[in-house]
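Just so you know, the protein sequences line up as chains A and B, in that order. The first sequence begins at 1 in full-length UniProt numbering and counts up one residue at a time. The second sequence begins at 1 in full-length UniProt numbering and counts up one residue at a time.
None of these hints come from the bench; they were simulated from the model. All the given hints hold, so there is nothing to weed out.
Here are the computed distance ranges between Cβ atoms for each label pair:
{"no.": "1", "chain 1": "A", "residue 1": "D37", "chain 2": "B", "residue 2": "L143", "range": "57 to 63 angstroms"}
{"no.": "2", "chain 1": "B", "residue 1": "Q210", "chain 2": "A", "residue 2": "D33", "range": "38 to 44 angstroms"}
{"no.": "3", "chain 1": "B", "residue 1": "W129", "chain 2": "A", "residue 2": "Q112", "range": "25 to 31 angstroms"}
{"no.": "4", "chain 1": "A", "residue 1": "L231", "chain 2": "B", "residue 2": "Q205", "range": "41 to 47 angstroms"}
{"no.": "5", "chain 1": "B", "residue 1": "V126", "chain 2": "A", "residue 2": "D174", "range": "44 to 50 angstroms"}
{"no.": "6", "chain 1": "A", "residue 1": "Q112", "chain 2": "B", "residue 2": "V126", "range": "27 to 33 angstroms"}
{"no.": "7", "chain 1": "B", "residue 1": "V165", "chain 2": "A", "residue 2": "E160", "range": "55 to 61 angstroms"}
{"no.": "8", "chain 1": "A", "residue 1": "R8", "chain 2": "B", "residue 2": "W129", "range": "36 to 42 angstroms"}
As the structure is a prediction and not an experimental result, all values here were calculated from the model. Backbone N, C-alpha and C define an ideal beta-carbon position, used for all residues, glycine too.
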Amino acid sequence: MTAKISLRGVGKQFVVRPSRDQTHAAVLDALRDIDLDIAAGELLTLLGPSGSGKTTLLDLLGGLSTPSSGQVLLDGSPTTGPGLDRGIVFQQYALFPWRTALANVTFGLEQQNLSRAARDLRAREYLELVGLAGFEDRYPHELSGGMKQRVAIARSLAYEPDVLLMDEPFAALDAQTREQLQDELLRIWRTTGATVVFITHSIEEAVYLGQRVAVLTSRPGRIKEVVDIDLPGREGGTDLRSDPAFVAYRHRLWQLLHEEIARARDAGHRRIQPDGTEGAA
Amino acid sequence: MSSILTDPTTRPPRSAEPAPGRPEAAAPEAVAAQRRSLVHRVERSARAGVWRSAAVVLFLLLWEIGPQTLITPDTRVFLPPLHVTLGAWVDLVRDGTLQTHLQASLTRSVLGFGIAVVGGITVGLVVSWYATVQSFLTPLLELFRNTAALALLPVFTLLLGIGEVSKVSIVAYAAFFPVLLNTIAGVRTVDPMLIRAARSLGLSQLRVFQKVVLPSAVPTIFTGVRMAGTASILVLIAAEMVGAKAGLGYLIVNSQSSFQIPQMYAGILTVSLLGLAVNLGLVRLERHFSRWRPDATGR
Ligand SMILES: Nc1ncnc2c1ncn2[C@@H]1O[C@H](COP(=O)(O)OP(=O)(O)O)[C@@H](O)[C@H]1O
Ligand SMILES: [Mg+2]
Chain A
1 MTAKISLRGV GKQFVVRPSR DQTHAAVLDA LRDIDLDIAA GELLTLLGPS
51 GSGKTTLLDL LGGLSTPSSG QVLLDGSPTT GPGLDRGIVF QQYALFPWRT
101 ALANVTFGLE QQNLSRAARD LRAREYLELV GLAGFEDRYP HELSGGMKQR
151 VAIARSLAYE PDVLLMDEPF AALDAQTREQ LQDELLRIWR TTGATVVFIT
201 HSIEEAVYLG QRVAVLTSRP GRIKEVVDID LPGREGGTDL RSDPAFVAYR
251 HRLWQLLHEE IARARDAGHR RIQPDGTEGA A
Chain B
1 MSSILTDPTT RPPRSAEPAP GRPEAAAPEA VAAQRRSLVH RVERSARAGV
51 WRSAAVVLFL LLWEIGPQTL ITPDTRVFLP PLHVTLGAWV DLVRDGTLQT
101 HLQASLTRSV LGFGIAVVGG ITVGLVVSWY ATVQSFLTPL LELFRNTAAL
151 ALLPVFTLLL GIGEVSKVSI VAYAAFFPVL LNTIAGVRTV DPMLIRAARS
201 LGLSQLRVFQ KVVLPSAVPT IFTGVRMAGT ASILVLIAAE MVGAKAGLGY
251 LIVNSQSSFQ IPQMYAGILT VSLLGLAVNL GLVRLERHFS RWRPDATGR
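So that you can see chain B by itself, here it is in the shape it has in the complex:
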């Protein structure tokens, strides 16, 4: 932070009016300054990158060295070093097993997530449009939301079996509530001043909803969508661990029970990379839709 304050070359040039200068006259120095600031910036971002990845690198090092030096050989079987896990991972990719499981998981989560997003936004908008419906439903919604989705997993299994429908349903269920509740919250927190302004222009109720309430709720809705993305992967893996014939969750449990420990860790590694990628993508999306908010941090 302090380097930004003290280093004038990195300060973003953002004045309202472009400074009336003579670019021809100033060119050589400007180019030099630009080059200097570029070197500076690369150096700075490289240093920041090293620092930001240091903890992960240390963790991976510990994972590699720890099992070989710190623990006894018979526990080492349960905690193979990193290179063994990576080896197993490469083997899984080579024979296509990983792709099959990944695809199974992705299909389920994308389907469930999609249903949840469409359903959550639709129901959320309808519920918040009718104030009486909202006050009627909110206690029930709160009850459902605070019931961990995984607690209902047995119910889904009993009613829908262990097939695809059951998996997609529980994912949709878990992802539904963040979207729904954030949609309702987004609609509720619209600035009343803006509604007054729109009404003063003679807009009908429906138009006000479409042109003021909805756009102002979009960032909050997307926060819900991001939370739903995380939730859908979490729940899916758990569901696949309980009863499935394919999917990353199945890969992990199955490897464990058939004592292919490195393969199990390769599965876990894939899950965390998938989660990371999904979250990163959704954060990007959320940022994009919150551009107009000065305080948008994308979190």
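Isolated chain A, as found in the complex:
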């Protein structure tokens, strides 16, 4: 079986403006030597400390930027820019504020050859899938954070991409809404059969959602380890998060992440807290 997504020796460098004490522009190594295969229909979570290049990697997958070295393969062929075969969900929702929920969802569909009626019908279906039937005519500023992110998910799902790329989509939500949306995401993933790459800095979220968790090192980001997660089904309504197996995975990933956070600290980076946020040094 060929992988849906293959990263082959992918590296990404940025040229950064010189700061006051530097004379010329410096090169920042954001990602280095990333090798990773993601199978079709898989849900992979990508866990890494803040600044480890997670968003950079997602941009590469989404075709929003090109790698400095190596290749990003989609179904075996190199990606050429963004496309409707991949959908991105951003942390800050990125909804179009002048469009209603329904019109936001139809945005991607307008790129396809669909009649207006067909677009609206499809958008309604997907709003219903994310639990927002009845909110079609609301503007984004009339929706809560969780509802906005649901609209954003519906927008990305509506044109039925093979791959869903999600960049810390639930990080800005309160704990209850986050857990609710995590379960919804799992349900949607099972319904649609899409390949999902889910970026997070939360260990718990990575374990709960992922079939595999890829851990990134601190900058420059490399794949430190890929951990297979083998947990009983999430549907049971049981408290999976306190299951001994869950706790064991959690601890294992905590150790991996902490090595990186400690390394970053020793390397004189900004101090990074265990939850991935940056605190004062």
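The hints should help you fit chain B with the ligands onto chain A, whose structure is shown.
Below, chain B with the ligands without anything else, positioned relative to chain A:
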């Protein structure tokens, strides 16, 4: 403000889900409550209306009584009381003079304003599409914008005479810059996140501009349009005062020089009412186009 907070009946019912109630059972009380809240609302808006118009009414009263009691008869000639001015106004309407002048002014300002809006938005979009053109032109545009349009009035008169072309041109010139600069600002302040989102869907540059940049700039552009409306009337009246054979500005100066003081005040009154109406209309329009903005105050 505090009355809104303390009065539960005036709080707008805006919950996400409609409350599952039994309307039949609650009907009598609901109707009563509704009636009570209606009376309340009418009363409240009436009180607010009285308060909001109080200053204007006081001013008009002062205008009526002041000249008759506070000043000497020989200055009173230059400041006739309100009823004399209104009388002159009615006379002007009766013989159709006012309509003629109003129409002349309206034609010029609508023409100039229209040219400015179309031109300002077009040039603004082109300029902001090409970043290099923008950085090249911005200093020059700043220079022009900060040169009061009226300072250039003699130049327009020299080059284009005192005819219609000259008047329409100066109005168009004055109204052009607010539209242009607001269009550029609106395009520049589009949320980069939204551009990323649109690009991730594979939209071309032009499509991103059309479907993301443009709609997000619309409220800012309309703020410019409103400013342009105010500017166009202001400049037009001044231009008509300097050299014209018709128009409200001409009416005002001409009345003054032929010593028809009440008629002059009637002209001034018309100008301020026209300005008010234009501004009100444009504020409405601006609000309409900024509906989706939660913080849209229409100002
Ligand atoms: N466009 C850019 N120009 C320069 N540096 C960048 C750019 N984008 C990201 N970086 C840098 O690359 C590193 C990784 O960033 P990012 O991918 O956003 O990390 P994460 O999403 O894991 O927090 C950071 O040090 C960031 O400052
Ligand atoms: Mg990030």
